[in-house]
Amino acid sequence: MDFPTPKNLNYFWTFGAILVMCLGIQIITGIVLAMHYTPNIAMAFDSVEHIRRDVNGGRIIQAVHAVGASMFFAALYIHIFRGLYFGSYKAPREILWILGVIIFILTMATAFMGYILPWGQMSFWGATVITNIFSAVPIVGESLQVLLRGGFAVGNPTLNRFFSLHYLLPFIIAAVVALHIWALHVPGNNNPIGVEVKSKRDTVPFHPYYTMKDMFAMVVFLIPFAWFVFFAPDILGHPDNYIQANSQVTPEHIVPEWYLLPFYTILRAIDFNVLFIDSKLGGVIAMAGSMLLLVVLPWLDRSPVRSGNFRPLFRWFYWLFVINFIGLTYLGAQPAEGIYTLLAKICVAYYFIYFLVILPLLSRIETPKPLPTSISESVLKKAHA
Amino acid sequence: MATQAETQTTRRDFLYVATGAVAAVGVGAVAWPLINQLNPDASTLALATIRFNLDGIEVGQSVTILWRGLPVFVRHRTEEEIETARETPLSELKDPQTDAARVKEGHAEWLVMIANCTHLGCIPVGESGEYDGWFCPCHGSVYDTSGRIRRGPAPTNLVVPPYEFLTDSMIEIG
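Residue numbers (my numbering), protein chains in the order written: chain C, 1135 to 1519; chain P, 12 to 185.
These are calculated hints, taken from the structure and not from any lab test. Backbone N, C-alpha and C fix where the C-beta goes; we use that ideal spot for every residue, glycine too. Among these hints, one or two may not hold up.
[As the list claims (entries may be wrong)] Restraint-style ranges between C-beta atoms, simulated for each label pair:
{"id": "1", "chain 1": "C", "residue 1": "Pro1469", "chain 2": "P", "residue 2": "Leu77", "range": "26 to 36 angstroms"}
{"id": "2", "chain 1": "P", "residue 1": "Met181", "chain 2": "C", "residue 2": "Leu1281", "range": "32 to 42 angstroms"}
{"id": "3", "chain 1": "P", "residue 1": "Leu77", "chain 2": "C", "residue 2": "Val1320", "range": "48 to 58 angstroms"}
{"id": "4", "chain 1": "P", "residue 1": "Met181", "chain 2": "C", "residue 2": "Gln1382", "range": "20 to 30 angstroms"}
{"id": "5", "chain 1": "C", "residue 1": "Pro1272", "chain 2": "P", "residue 2": "Leu56", "range": "21 to 31 angstroms"}
{"id": "6", "chain 1": "C", "residue 1": "Trp1450", "chain 2": "P", "residue 2": "Ala112", "range": "50 to 60 angstroms"}
{"id": "7", "chain 1": "P", "residue 1": "Asp52", "chain 2": "C", "residue 2": "Ala1467", "range": "31 to 41 angstroms"}
{"id": "8", "chain 1": "C", "residue 1": "Ala1312", "chain 2": "P", "residue 2": "Leu77", "range": "38 to 48 angstroms"}
{"id": "9", "chain 1": "C", "residue 1": "Leu1476", "chain 2": "P", "residue 2": "Ile46", "range": "41 to 51 angstroms"}
Next comes chain P alone, as it looks inside the complex:
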């Protein structure tokens, strides 16, 4: 039994909603900095780009460097490893990606990947596992010579960070 006065929007309703909206924006404006302070600070972000010299890494050798606090594998692959990686049919892969998509053109011997298993972040052990790539000891994920996931709980291939070759022996990650 609504009367007309009840169904009509009044000036009071408008003031009510407007006050509420201003209050919500105010709370949000105060809350956001308090949440945002949890995000990476300037000193952490300042480490976002590094250069690394590849000279001195022999064929078949792997080094682990730090980028943004994350370990990164830089592997000088052997011809055999590259061949195996290229010959693997995509249908066998859990997260299909060609070997060429994981390296830079003309630099197929260099594999650069973030060294954290894509499952829960442990560091896989190199040159081990059934595919002679990486094996994660934590929960048993197996990666091939291209760092692609082959078996185990990890959902995706090891992540290739953004990087480029400045010269043939110098890369810039980030």
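Next up, chain C with everything else stripped away, as it sits in the complex:
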């Protein structure tokens, strides 16, 4: 606990601790749910209903796990966007950032597999669509797809292995989280002004200052969490998932959970062939690329100034990126027709242009505002102002 921490951290810095709490909640409720759940296509759907209706307290435990996934991603996105704004990915924190991207991708995989387990219509068709993505891989695609499904279509072997992996992955995530925190403790925290700690005067001990602040933030975070659990446990899900899986009927619109929508839009937006790459493979490359771009972000944004507070031009493009990302989320839930396909292409284009053109360019042409000489100076100035 003797971890000197910058004294100017704002509430966006509490989301790391909130995320650790979220992972803990998911693991504990998940272990309990696995005691009542049956991973078999004939019984899975009923066993989830059994948990919700018959198991003592099951209604709440299942709701905490399902709502917990959404809250986890809400906190995860805030945590990531905080890093993007305050330049937390820049040297010397590249490893910390890359471990974070790995956690993000693992969490998406875990959430996707978890969503298959209730074996509703969206579970089944989500699994079908996502495993079909792998068939786009040249040459080995078809075999890879059959290998993943354990059959020619999504079926019992698929459900069984997804259950096994859904149980395993959170522990791998927990291990990467441990590395992520370790990597944080080497350079120490970034902070809202992005100026490194220069003396002991710039810091306060982690305990009790940040342990208490984090705990307060957790309590506040748990208020909307509890509201969803108690009053609207199903509002974040799709009603079609309360229809048992049917391999002969596709739902009108296949919509993933809200937290995967931006990437789903990127997948769908490529509906044209590019040279020898057909539209299907193109979509897969774009979606994978959109995540892998985050890995190389520290080397795309070369501006020496970390915090967006001191980068007048960057701020405009950053907030446009945030709005664009919300747009991608919205478009993922819309049918792929008419104006939506055009808007999706525009939003996907901006996503890539932001990382590949705007950030590298800005670091060359932008004149940042003068930085405070130290954290103490900026804190004291604020107090006098």
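Using the hints, position chain P against chain C.
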């Protein structure tokens, strides 16, 4: 400044490489069964061939049956549909294939196709879309009366599974 002893291959080098190779083969031999268990098991493969009786499917009617867990469309096409499919010039197609190549000789009225859209696997809706064939509601792919892709993100025509006519009214898929 390499001396001769350093550049020459010695017995020790050979043992070193040989040990490494045996270790790699051993790891591979252990890993492969653990990966291969993910492949379709015997009970899944046992469903690989089915027979289906076409009697009772009227002209213009479509049924969906299951083969290897995949839905399969069996459509009794109308004369008009066959004509339209045959008259379509190949230059208009994204994945050019003649109608004759998609049905069995002498049985042009029967169209048998795996019912999963070649894009991401949804089941297209029959007798709809601009070409009066199939329309996939997921991402908007449009197929014609021969199940060929005409518009949308799907890269290829609906897949015709391997099948043959045992008699005029009995097919064996697989």
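Against the structure, the hints come out as follows:
Remark: the range hint 26 to 36 angstroms for Pro1469(C) to Leu77(P) is upheld by a beta-carbon distance near 28 angstroms. Here the CB-CB span from Met181(P) to Leu1281(C) is close to 33 angstroms, well matched to the stated 32 to 42 angstroms. Between Leu77(P) and Val1320(C) the Cβ separation comes to about 56 angstroms, which falls inside the hinted range of 48 to 58 angstroms. Between Met181(P) and Gln1382(C), the C-beta spacing of about 22 angstroms keeps the proposed range 20 to 30 angstroms intact.
The supplied range of 21 to 31 angstroms is met by Pro1272(C) and Leu56(P), whose beta-carbon atoms lie about 25 angstroms from each other. Restraint check, Trp1450(C) to Ala112(P): a C-beta distance of roughly 56 angstroms satisfies the suggested window 50 to 60 angstroms. Between Asp52(P) and Ala1467(C) the beta carbons are some 37 angstroms apart, a value that agrees with the proposed interval 31 to 41 angstroms. In this structure, Ala1312(C) and Leu77(P) meet the distance hint of 38 to 48 angstroms, their C-beta atoms being roughly 46 angstroms apart.
The hinted window of 41 to 51 angstroms between Leu1476(C) and Ile46(P) holds, with their beta carbons roughly 43 angstroms apart.
In this structure, none of the earlier numbered hints is contradicted; all agree with it.
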